[in-house]
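Novice: Sequence:
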Amino acid sequence: MLAAGSLLTWSLTRDDDTPGGGSGGGAPAASSVTVRIGVDAPLSGGLAAMGTGVRNSAELAVRTANENGHVPGVTFEITAVDDAADPTRGAANAARLVDDDKLVGVVGPVNSGVAATLVPALSRAGVVNVSPANTNPALTLGADWASGGRARPYPTYFRTIGTDVDQGPFAARHLYGTGKTKVYVVDDASVHGTTLASGFTAQWRKLGGTVVGAEQVDPAERDFASLALKVRSSGAEAVYFGGFYDSAAPMSRQVRQAGMTGPLMGGDGIFDQQYLVDNPQADGDLATQIGAPATESAAGRDFLDRYRKAGYSQPPGWYGPYAYDATWAVIEAVKAVAKTHGGRLADDTRKELPRAVGRLSFDGVTGPVAFDGSGDAVNRPLTVYRAGGGGWKAVTTGPATP
Numbered sequence: 001m002l003a004a005g006s007l008l009t010w011s012l013t014r015d016d017d018t019p020g021g022g023s024g025g026g027a028p029a030a031s032s033v034t035v036r037i038g039v040d041a042p043l044s045g046g047l048a049a050m051g052t053g054v055r056n057s058a059e060l061a062v063r064t065a066n067e068n069g070h071v072p073g074v075t076f077e078i079t080a081v082d083d084a085a086d087p088t089r090g091a092a093n094a095a096r097l098v099d100d101d102k103l104v105g106v107v108g109p110v111n112s113g114v115a116a117t118l119v120p121a122l123s124r125a126g127v128v129n130v131s132p133a134n135t136n137p138a139l140t141l142g143a144d145w146a147s148g149g150r151a152r153p154y155p156t157y158f159r160t161i162g163t164d165v166d167q168g169p170f171a172a173r174h175l176y177g178t179g180k181t182k183v184y185v186v187d188d189a190s191v192h193g194t195t196l197a198s199g200f201t202a203q204w205r206k207l208g209g210t211v212v213g214a215e216q217v218d219p220a221e222r223d224f225a226s227l228a229l230k231v232r233s234s235g236a237e238a239v240y241f242g243g244f245y246d247s248a249a250p251m252s253r254q255v256r257q258a259g260m261t262g263p264l265m266g267g268d269g270i271f272d273q274q275y276l277v278d279n280p281q282a283d284g285d286l287a288t289q290i291g292a293p294a295t296e297s298a299a300g301r302d303f304l305d306r307y308r309k310a311g312y313s314q315p316p317g318w319y320g321p322y323a324y325d326a327t328w329a330v331i332e333a334v335k336a337v338a339k340t341h342g343g344r345l346a347d348d349t350r351k352e353l354p355r356a357v358g359r360l361s362f363d364g365v366t367g368p369v370a371f372d373g374s375g376d377a378v379n380r381p382l383t384v385y386r387a388g389g390g391g392w393k394a395v396t397t398g399p400a401t402p
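Each residue of the sequence shown is one higher than the one before, counting from 1 in the numbering used here.
One or more hints might be untrue.
[What the hints assert, rightly or not] Simulated DEER-style distance windows between Cβ atoms:
(1) Thr396 with Ala48: 23 to 33 Å
(2) Gln257 with Gly126: 51 to 61 Å
(3) Thr181 with Lys102: 33 to 43 Å
(4) Lys102 with Arg124: 14 to 24 Å
(5) Gly126 with Asp223: 42 to 52 Å
(6) Asp348 with Asp223: 54 to 64 Å
Treat the hints as calculated values from the structure; they're not laboratory data. From the three backbone atoms N, C-alpha and C, an ideal C-beta is built for every residue, glycine too.
Construct the entire structure; sequences and hints are all you get.
Specialist: This is the structure we're talking about:
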């Protein structure tokens, strides 16, 4: 709850009823209420480029809302905290954000590992939290989701992107559609890897495909000679791997050296340029990525154009458009709450925002934005990419469910 007597008890319209707001979080106009949206992202370390794109995209959403007077009388600001992709920072960052009595919601985090410590703390404080990048199903479906015991653990948590539950089945439908019927399934025993592999296997068999072999590997392993021989002798036409690029690259190279001519396919864990650097013979391999390229829609292209004109030096990255929509969801929720109070925000605005976000439906830069009863995005596209010529090229984009 916001501190009693804070600025949020002020009227949200000017005396002349002219929409308030300034440019890009600058000085608010007279009689304008200032509220803050927190952004938790890796702003240092190996994922700093990704996190900076998320922060910039959130800032662009705030700048747009202020310039357009989207919520009359309200000026939005961004306050960003760095988690460095370190899960141990999540709870401390949450506490810092919650202590800001002008804070109305949080966008982020990027990493599901950080979410494991940040999200529970924000939920206990009743602070709405919209992530543009977390893919762990347990964040919305609960720890027992895989065994059918689905229960939403964090009622203030939402995300604008799909989850790992979607990737395996989507990959199976695409691969089966290319004429492959026999596949060897491998995973690295991680939660991410096993979720992808189990989802792929169930869908593959439902389609009529045959799993000719299945195996788990140590994620630190790089010698897959034995596995490669098994793949060749099984008659597999492809390998599906649930894991990350550092294991997938040598695996792909070695199964091809053993004689398999079909592709290795994986999830977003292999969709990385380093996979192609480590495996120059990767042409034809496939990867799924959660979401759709911004360049595929008019709204996405408009976002990219506005981002460029804003002068940011760091590109928005894959998750930037989803961060923009996550931020816009908080902005729209503030607008909805103000409307229910006759153009005012009371000191219990935080308490009202989670319900307001859950009821939203608007056209975002990534497509329609709305959330189901678990807090997951209703619109959950995925994209298949093919490796070739040292890069990844989009092959097809489609919905999570056929």
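Novice: Each hint: holds or not?
Specialist: Outcome of the hint check:
Range check, Thr396 to Ala48: about 31 Å between beta-carbon atoms, so the 23 to 33 Å window is met. Checked against the hint of 51 to 61 Å, the pair Gln257 and Gly126 passes, with Cβ atoms roughly 56 Å apart. In this structure, Thr181 and Lys102 break the distance hint of 33 to 43 Å, their C-beta atoms being roughly 58 Å apart. Here the CB-CB span from Lys102 to Arg124 is close to 20 Å, well matched to the stated 14 to 24 Å.
At roughly 50 Å, the beta-carbon separation of Gly126 and Asp223 lies within the given 42 to 52 Å, and the hint holds. Range check, Asp348 to Asp223: Cβ separation about 59 Å, and the 54 to 64 Å hint holds.
In summary, the one numbered hint that this structure violates is 3.
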